[in-house]
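Colleague: Protein sequences appear in the order of chains A and B. In this text, residue positions in the first sequence follow the working numbering: the first is -13, and each later residue adds one. In this text, residue positions in the second sequence follow the working numbering: the first is 88, and each later residue adds one.
Hints should not be assumed to be uniformly reliable.
Stated by the list, open to error - In silico lysine-lysine, DSS-like type, Cα no more than 25 Å apart, as pairs: (1) A/K63 to A/K(-3); (2) A/K96 to B/K343; (3) A/K96 to B/K267; (4) B/K337 to A/K96.
As the list claims (entries may be wrong) - Rough simulated footprint, nothing fancy, chain B against chain A, three-plus residues with beta-carbon under 8 Å: (5) 102 to 108; (6) 124 to 130.
No lab work stands behind these hints, which were simulated from the structure alone. Since this is a predicted model, take the numbers as computed values, not measurements. All residues carry an ideal CB built from backbone N, CA and C; glycine is no exception.
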Amino acid sequence: MATSDKLIQVKNLKKYYNKGTLHALDDVTVDVNKGDVMVVIGPSGSGKSTLLRSLNLLEIPTDGEILFHNIDITKKKFVNKHGKVEKVDINLHRQKMGMVFQHFNLFPHKTILDNMILAPMKVLGVSKTEATEKAMALLKRVGLEDRAGAFPIQLSGGQKQRIAIVRALMMEPEVMLFDEPTSALDPEMVGEVLEVMKELALGGMTMVVVTHEMGFAREVGNRVLFMADGKLVEEGTPEEIFDHPKHPRLQDFLAKVL
Amino acid sequence: MLSIEGFQSAFKYIQLFKEGLVCTVSLSAFTVILGFVLALVLALMRMADLRPFRFLDNTQGGEGRTGFIGFLSRFRPLNLIASVYIEVFRATPLMVQLFIIYYVLLAGLDLPTFKLFGLIRFERFIPGVIALSLNSAAYLSEIIRSGIQSIDGGQTEAARSLGMTQTQNMRYIVLPQAIKNILPAIANEFVTIIKESAICWTIGVQEIMSAVNSVKAATFTIGEALIIAACIYFCLTFPTSKIIEYFERKMSRGDKR
Chain A
-13 MATSDKLIQV
-3 KNLKKYYNKG
7 TLHALDDVTV
17 DVNKGDVMVV
27 IGPSGSGKST
37 LLRSLNLLEI
47 PTDGEILFHN
57 IDITKKKFVN
67 KHGKVEKVDI
77 NLHRQKMGMV
87 FQHFNLFPHK
97 TILDNMILAP
107 MKVLGVSKTE
117 ATEKAMALLK
127 RVGLEDRAGA
137 FPIQLSGGQK
147 QRIAIVRALM
157 MEPEVMLFDE
167 PTSALDPEMV
177 GEVLEVMKEL
187 ALGGMTMVVV
197 THEMGFAREV
207 GNRVLFMADG
217 KLVEEGTPEE
227 IFDHPKHPRL
237 QDFLAKVL
Chain B
88 MLSIEGFQSA
98 FKYIQLFKEG
108 LVCTVSLSAF
118 TVILGFVLAL
128 VLALMRMADL
138 RPFRFLDNTQ
148 GGEGRTGFIG
158 FLSRFRPLNL
168 IASVYIEVFR
178 ATPLMVQLFI
188 IYYVLLAGLD
198 LPTFKLFGLI
208 RFERFIPGVI
218 ALSLNSAAYL
228 SEIIRSGIQS
238 IDGGQTEAAR
248 SLGMTQTQNM
258 RYIVLPQAIK
268 NILPAIANEF
278 VTIIKESAIC
288 WTIGVQEIMS
298 AVNSVKAATF
308 TIGEALIIAA
318 CIYFCLTFPT
328 SKIIEYFERK
338 MSRGDKR
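Isolated chain A, as found in the complex (with noise of 0.2 Å):
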């Protein structure tokens, strides 16, 4: 593929604890092309969440390099297309790189209309109005429409985690990171929002899932990463990791959850 289909390009990615004792991330590479719909699998603690946090920098890489729009977005300058050196505005890339989490984290003290206007207005600077429009139809996309007056705590997991999502879709990111957005709702709810998931990645959105529903990452995902003990142990197409899976790490953790 040509390089400029390449988003983010994660290169020789390093993250330790415990004063280096402890290895989250060891040595990945890996990139996300736009329309991508890569799926991260693997046991708990082989590194998969430290990975996509790390995409938007909420988690500090100790050592490596990750590019976006070929701007390595950890380290405080780089050089634009002029020759001219400039600071890398992290507020900016995160605006560009929407995040789900597992635990949803609306804000409680706002509505849910409040909820998803807010940083349309304050950081894009785009009227109370025309935000409030456009937070209108992506409530209605994902059937909450009648629940903008609504406070967080007064939705099921379900219904927040699409807010969550639709939150993230106000600011027009062109990747969107989810990190296990399915693992603390009823398993009568993971439906609900693996439909939206699965609508937004058919929309082109290039997506990061994080997950532990295999079924999603199978029907919806183009390429699926293992990870175990912080590297990346195995990748490839669905067809690939599920049904011909090669390193017995993955083999034995399929046998597991399958």
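Keeping the supplied structure of chain A fixed, place chain B upon it in accordance with the hints.
Modeller: Only chain B this time, still in chain A's reference frame:
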């Protein structure tokens, strides 16, 4: 002993109490505002992760070195300044602080000697406000810090992942939730400020307690004047805590199912 006649003679000096009331309210109001702003700064200083010598340690994200170099690389000056301030002001009596400020620190300064609102002597009022503010800021900052730290880190992560700056995150997400959580403690502290402002009488600020003293000097009785003073203080503190309770209810809209 208290007597009806005693109250009648004390009430002849009601004008003194009125002026004292204006003075106490002004002292408290200025102190609450100044103290709160200072407390917010102190709380943020205590949580700041500014480490000027971090560059000395380039191992494993800046946590690898031990010994003196390691100590220096983790040295947080803002945190140290705020911590020392808070410990000193919580560990010494307010009266000592007030006297040091009035008789030592501000003694050499020629403070302007006009009368605030036509009745409060500014050159005594200001040292009082400063001492009360510095003192209450030490307590308030710990309350604010605990409030900020009680907010789940996921809130900040969500705000930052939406592209908000650290300042926007504090202003729109963390502080509104933190302040809601600490409002009962803040109400306590504001009530304490009103009551402790009585100490300013000792440097000649003519607030409510000074009115009591004037009545004592003029009528040779003190009990009735003290009862009146207590009532006035209660009429100030009780509504204060009720008003804050109202705000607490209003800010808790997101807690109800």
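Colleague: The structure should be examined with respect to each hint, and the outcome stated for every one.
Modeller: Do the hints match the structure? See the list:
no.: 1; hint: A/K63 to A/K(-3); in the structure: holds (17 Å)
no.: 2; hint: A/K96 to B/K343; in the structure: holds (12 Å)
no.: 3; hint: A/K96 to B/K267; in the structure: holds (13 Å)
no.: 4; hint: B/K337 to A/K96; in the structure: holds (12 Å)
no.: 5; hint: 102 to 108; in the structure: holds (count 3)
no.: 6; hint: 124 to 130; in the structure: violated (count 0)
In this structure, only the earlier hint numbered 6 is contradicted, and the remaining ones agree with it.
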